[in-house]
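Student: The task is simple: from the sequences and hints, build the whole structure.
For the record, the sequence lines run as chains Z and X. In case it helps, this note's numbering puts the first sequence at residues 1 to 252. In case it helps, this note's numbering puts the second sequence at residues 1 to 270.
Source of the hints: derived by calculation from the structure; they are not laboratory data. Among these hints, one or two may not hold up.
One side only, chain X facing chain Z, incomplete, derived with CB under 8 Å [as the list claims (entries may be wrong)]:
#1 Gly117
#2 Ser119
#3 Thr136
#4 Phe137
#5 Glu222
#6 Gly223
#7 Leu234
Computed from a predicted structure; not experimentally measured. Positions of the beta carbon are idealized from the N, C-alpha and C atoms, including for glycine.
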Amino acid sequence: MKRMVGVLLACICAMGTVAPAAAVSPLKGEITVSAAASLTDSFTALAKAFRAANPKVKVRLNFGSSSTLVAQIQSGAPSDVIAAADLSSVEKLVAGGSVVADPRVFARNSLAIAVKPGNPEKVKSINDLARLRTIALCGKTVPCGVYASTVLARSGVVINESNITRGADVKATLGAVVTGDADAAIVYKTDVIAAGKAIHVVDIASSSNVKTMYGIASIRGSKNGLLAKAFVDFVLSEQGWKILKGFGFQKP
Amino acid sequence: MSKAKVRDVASSTPGFVWVGAALGLAFLLLPLVGLVRRVAWRGLLGNLVGGPASEALRLSLVTSVIATCFVVLLGLPLAWVLARIAFKGRSLVRALVMLPMVLPPVVGGVALLGAYGKSNGLLGSTLYNLFGLQLTFSPLGVIVAEAFVALPFFVMAVESGLRSIEPKFEESAAVMGLSSTKRFSRVTLRLLAPALLAGTAVAWARALGEFGATITFAGNIEGRTQTTPLAVYLLLESDPEAAYALSLVLLVVCVGVLVAMRDRWMGRRS
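Tutor: Here's what the structure looks like:
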């Protein structure tokens with residue numbers, strides 16, 4: 001008896017949560033969102049919230065380095081939205097006519113240094129990276145790799161290429177410190193926040209740090225243009241911003 | 001098999017088998033044609049010589065050859081034990097030896113980190129603390145990763161080679177009074193030569209093409225751990241022509257190895 005009451009209550013609760021949302025949103029279908037690796041956690045949460053508001057919409061997420069995503073879209077991979085870690089990646093799609101409208105900036109980020117927990121190599125600033133054995137950076141054409149070289153140049157730090165291991169995207173780069181033996185990695189601030197206790201954070205002075213901009217746009221020729229626009233609007237909305245902020249992104 | 005017999009089988013094979021076989025072959029060949037079509041033949045040499053491409057090729061050649069030597073040294077006794085000694089749990093041991101063939105290479109890389117990683121590897125931390133030896137992010141790490149994935153291919157070829165040797169040759173050598181070491185080197189090794197060669201070649205080709213375990217365990221350092229497959233992956237975005245040129249080199253080498261060995265590495269079937 002007790003169990004039946006429980007089941008009944010659960011049913012009522014479920015009806016209570018689903019019914020009003022279904023009444024609000026007439027959208028249905030499926031979209032593929034290609035997002036930068038540094039957006040892995042935040043866009044997973046954004047897609048979930050979008051789905052909660054539009055229960056008949058399925059959002060497929062495709063994460064990778066922004067340069068990989070651009071190459072995929074250019075070679076015709078089915079994608080409805082691109083969210084890239086820099087604007088120049090999206091500009092390439094604009095120039096090639098692959099996106100509907102100019103990209104909108106939806107968040108900002110900056111870089112930080114991740115080292116092993118407890119900071120065994122006693123890294124105090126970016127200048128200390130030059131004496132370490134292995135430093136993980138993103139690939140030279142990946143946005144986080146481009147940003148890292150800017151920050152290193154601004155700080156006047158030169159790292160020998162034979163001490164640099166290059167990750168395919170920012171998560172792989174951070175992974176070299178978290179699971180591998182790399183001594184340090186230069187990644188986004190949001191990534192070190194997401195990594196929590198698996199790493200120790202060393203800040204980069206704001207005078208030499210970069211303010212990175214994330215751009216979002218719908219892809220031209222998408223079969224679900226309406227859904228794509230709805231998702232982009234959702235990311236740019238107040239609710240979307242609250243989610244992004246929760247992951248440590250800064251206001252555009 | 002005589003020629004007449006082959007013709008018999010061919011004429012009695014139903015049409016749908018031919019169609020299926022042709023589709024299967026086309027399925028495998030089409031991507032290769034697609035790759036070759038993309039190669040910029042005119043600038044081929046320029047794409048391979050100088051820059052990261054030639055460094056990757058040099059590194060791949062050196063590491064894969066050393067890894068293959070390592071594979072032969074460890075694989076030969078292993079194959080011998082598996083082929084010749086009946087012990088309890090042999091099929092389990094054989095399955096474990098073959099594991100890297102089917103294990104996703106990235107998982108293999110993670111496993112290698114767990115064993116030989118400097119910070120928390122089972123053996124790696126000891127190696128580092130006692131001898132200051134770090135395998136990760138070093139060319140030595142590349143060799144370890146390549147040997148790990150290539151070893152089963154060698155063992156498989158050599159084990160089946162050993163099984164196909166008629167025991168009577170070794171028995172008569174024993175009757176003639178040859179010691180077990182001499183019997184092995186003069187009779188067994190000589191009869192085993194084709195399988196040994198095939199196993200070595202296939203293991204080398206596999207080592208040369210290693211990607212997942214290498215990038216996970218040894219990282220991706222230009223000139224130190226960035227082997228040819230890693231260079232292909234990273235160049236695809238920045239310099240696709242160089243990536244296609246390197247892919248072509250790997251393709252040609254692998255085709256060369258397999259054609260030269262024909263189907264010997266799976267054990268000769270007559």
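Student: Taking the numbered hints from earlier one at a time, note which ones the structure violates and give those numbers from smallest to largest.
Tutor: none
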